[in-house]
Amino acid sequence: MAAEKTERVMPREGSTEIHADTKGSKAVRIILITLSVLFLFIMLVMPLITVIYESFRKGFGEYLKAVTDDETVGALLLTLEATVIAVIINTVFGLFAAWAISKFRFRGKKFLVTLIDLPVTVSPIIAGLIFVLTFGRQSFLYSYLEEIDFMIVYAVPGIILATVFVTFPFISREILPVLEAQGTDEEEAAALMGARSFTIFRKITLPHIKWALIYGIVLCAARAMGEFGAVSVLSGHLRGQTVTLPLQVEILFGDNKYMPAFAVSSILMIMAVVILIVRSIVEFIGRRKGEE
Amino acid sequence: MKSRFLRLTALSLALVTAMVTAASCAKAEGADTKSYSIVNVSYDPTRELYAEYNEAFKKHWEAEHDSKVEINQSHGGSGKQALEVANGNPADVVTLALEYDVKAVQDAGLIDEGWVNEFQLDSSPYTSTIVFLVRKGNPKNIKDWGDLARDGVGVITPNPKTSGGARWNHLAAWAWAQREYNNDESKIIDYIKKLYGNVLVLDSGARGATNSFVENKQGDVLLAWENEAFLSLKEYPNDYEIVTPSISILAQPSVAVVDKVVDKNGTREVATEYLNYLYSEEAQRIAGKNFYRPSNEKILAEFADTFDLKINLVTINDFGGWDEAFKKHFADGGLFDQIYKQD
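Same order as they appear, the protein sequences are chains A and B. Under my numbering, the first residue of the first sequence carries the number 1, and numbering increases by one thereafter. Under my numbering, the first residue of the second sequence carries the number 1, and numbering increases by one thereafter.
Hints in this document: simulated from the structure, not taken from any laboratory. Keep in mind that a hint or two might mislead.
As the list claims (entries may be wrong) - Think about it this way: if two alpha-carbon atoms lie no more than 16 angstroms apart in a straight line, the pair counts; the simulated EDC-like pairs of lysine to aspartate or glutamate are: (1) B/Lys260 with A/Glu146; (2) A/Lys257 with B/Glu302; (3) B/Lys260 with A/Asp149; (4) B/Lys260 with A/Glu147; (5) B/Lys264 with A/Asp149; (6) A/Lys257 with B/Glu215.
To be verified - To be clear about the criterion: a stretch of chain A counts as covered by chain B if any three or more of its residues have a C-beta under 8 angstroms from a C-beta of chain B, and this derived list gives those stretches: (7) 101–108; (8) 137–143; (9) 150–161.
What the hints assert, rightly or not - A few chain B residues that don't get close to chain A, going by computed Cβ distances all over 12 angstroms: (10) Arg47; (11) His60; (12) His75; (13) Lys80; (14) Gln81; (15) Asn89; (16) Val116; (17) Thr127; (18) Thr244; (19) Glu273.
All C-beta atoms in this analysis are idealised placements derived from N, C-alpha and C, irrespective of residue type, glycine included.
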């Protein structure tokens with residue numbers, strides 16, 4: 001703890017020094033701030049305003065009609081379903097993987113870490129195509145799937161699969177550094193005192209990683225809701241059945257229904273803002289807990 | 001504090017479970033009355049047509065049968081849609097832009113041979129053709145296919161690799177050049193090369209191309225399905241006009257029951273009736289209203305004011321049928337690939 005304290009103080013002193021150095025060149029500061037604000041305005045604020053403006057252009061009644069449309073509600077439910085399932089699966093998987101990697105020594109550990117990162121580097125479209133080739137009619141697995149009547153591609157399981165795939169590094173990646181920094185001393189001590197493994201996990205590991213875990217869940221949920229590429233390949237665009245919110249926006253746009261397209265976009269935007277707020281709260285609490 | 005965290009976790013888990021069950025319950029609703037659900041995988045510009053037709057068909061079916069029917073639509077570039085069905089998209093019926101795409105589904109083993117004769121008129125209940133959509137007043141003075149190869153004319157057409165409409169566009173241009181250059185193949189290819197050299201955006205489907213031209217204001221001329229051109233005109237009557245070229249092609253979109261899927265789902269009767277009813281007077285009128293040319297002569301006559309019925313049309317048979325046309329023009333390494341690569 002003491003070491004952490006000094007580390008915490010050091011950059012503060014450093015930063016005041018830097019501040020003093022640049023105090024003379026006020027112009028640079030103003031230019032940099034203006035540029036950043038301008039950039040943010042053009043890239044973020046303006047599009048957001050456009051979405052809101054276009055959504056409500058025909059009045060609140062029309063907006064309500066657009067967002068309560070059967071197909072849109074179906075898309076919202078499917079998006080939530082895929083997100084929730086992806087978060088659950090990835091939490092379990094992320095905990096297992098991060099635990100295994102940080103607490104045990106085994107052959108091929110580096111390889112496992114690299115594999116976990118794969119979905120970040122593979123383009124989502126390719127991911128979608130891989131699943132079409134693995135589980136579609138071309139695949140030898142298809143006849144077995146057909147026998148048990150379990151369709152994956154162009155059905156809801158495919159959508160969930162795609163969502164899980166693109167989001168699976170998020171949680172393990174957040175927990176891993178925390179677990180690694182913490183080491184295995186405390187767990188070993190607890191084990192020596194006779195604690196069972198679940199107790200160790202609950203009383204020692206979990207308290208350490210919980211903020212990282214929650215943060216990972218938030219990121220995972222955010223990414224899952226917005227996924228377009230992989231889901232688009234696997235969806236088949238069956239309206240009201242295999243269409244998620246981002247796909248619904250594309251479909252409405254193609255139907256020349258611009259106002260509804262923006263209205264559905266606004267749902268996604270609201271979800272994103274909620275996630276952003278949750279994230280800030282998590283970060284704030286997490287930092288305060290860290291300082292205690 | 002720790003228990004609060006656990007409680008929080010338990011609470012959110014409970015919430016999640018409730019949400020998922022609610023979602024699945026919503027889907028299972030209405031299972032007790034006998035009801036069919038069929039999937040119609042179609043191409044891009046038929047969105048409005050089938051939105052209207054499905055309502056009419058539901059009424060028709062429920063008036064004659066003691067069961068309900070629900071129709072799920074999927075739209076996209078015709079070639080892409082055919083590929084998805086071949087890969088397992090559970091379509092009970094396909095209503096695609098051209099015979100060749102339905103044949104791709106047949107080749108995947110999903111549709112039995114002889115589907116072309118299963119419904120009247122080669123299983124194409126409505127037809128269309130290819131026209132030019134230009135900006136109001138026709139500022140670039142585009143009158144015929146030859147004008148598309150002029151310098152400084154921006155052309156919008158979708159990609160013939162993925163879009164059915166784009167294949168009709170390509171063949172219509174070819175037909176004009178054949179007549180213009182007396183079948184001199186090298187001159188025809190030169191012309192087609194210049195035409196594609198003028199293409200600004202090559203979208204994957206017809207609707208994407210229309211949006212590029214109409215919404216994003218790209219290019220001077222859109223090579224479009226007649227129905228798609230009329231639809232744009234209806235939305236923006238003051239911004240566009242239609243130019244009918246001296247020669248075009250009779251585009252025959254094809255429909256078929258996907259045998260493997262309907263046998264598995266037990267939906268053959270309703271799927272067959274769904275396509276059959278497309279030939280009814282009511283459906284033909286809906287097609288006409290959505291700017292497709294009804295195949296029923298009597299109904300077509302009702303729309304004589306809308307369509308230019310004197311237009312000079314070649315058919316796919318002038319190209320030796322779809323198999324031959326596809327192999328020559330659109331297969332991998334075919335004419336389109338050669339022409340487009342050299343650009």
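A quick look at each hint next to the structure:
{"no.": "1", "hint": "B/Lys260 with A/Glu146", "in the structure": "holds (12 angstroms)"}
{"no.": "2", "hint": "A/Lys257 with B/Glu302", "in the structure": "violated (29 angstroms)"}
{"no.": "3", "hint": "B/Lys260 with A/Asp149", "in the structure": "holds (14 angstroms)"}
{"no.": "4", "hint": "B/Lys260 with A/Glu147", "in the structure": "holds (14 angstroms)"}
{"no.": "5", "hint": "B/Lys264 with A/Asp149", "in the structure": "holds (10 angstroms)"}
{"no.": "6", "hint": "A/Lys257 with B/Glu215", "in the structure": "holds (12 angstroms)"}
{"no.": "7", "hint": "101–108", "in the structure": "violated (count 0)"}
{"no.": "8", "hint": "137–143", "in the structure": "holds (count 3)"}
{"no.": "9", "hint": "150–161", "in the structure": "holds (count 4)"}
{"no.": "10", "hint": "Arg47", "in the structure": "violated (5 angstroms)"}
{"no.": "11", "hint": "His60", "in the structure": "holds (21 angstroms)"}
{"no.": "12", "hint": "His75", "in the structure": "violated (7 angstroms)"}
{"no.": "13", "hint": "Lys80", "in the structure": "violated (10 angstroms)"}
{"no.": "14", "hint": "Gln81", "in the structure": "violated (9 angstroms)"}
{"no.": "15", "hint": "Asn89", "in the structure": "violated (4 angstroms)"}
{"no.": "16", "hint": "Val116", "in the structure": "holds (23 angstroms)"}
{"no.": "17", "hint": "Thr127", "in the structure": "holds (23 angstroms)"}
{"no.": "18", "hint": "Thr244", "in the structure": "holds (23 angstroms)"}
{"no.": "19", "hint": "Glu273", "in the structure": "holds (21 angstroms)"}
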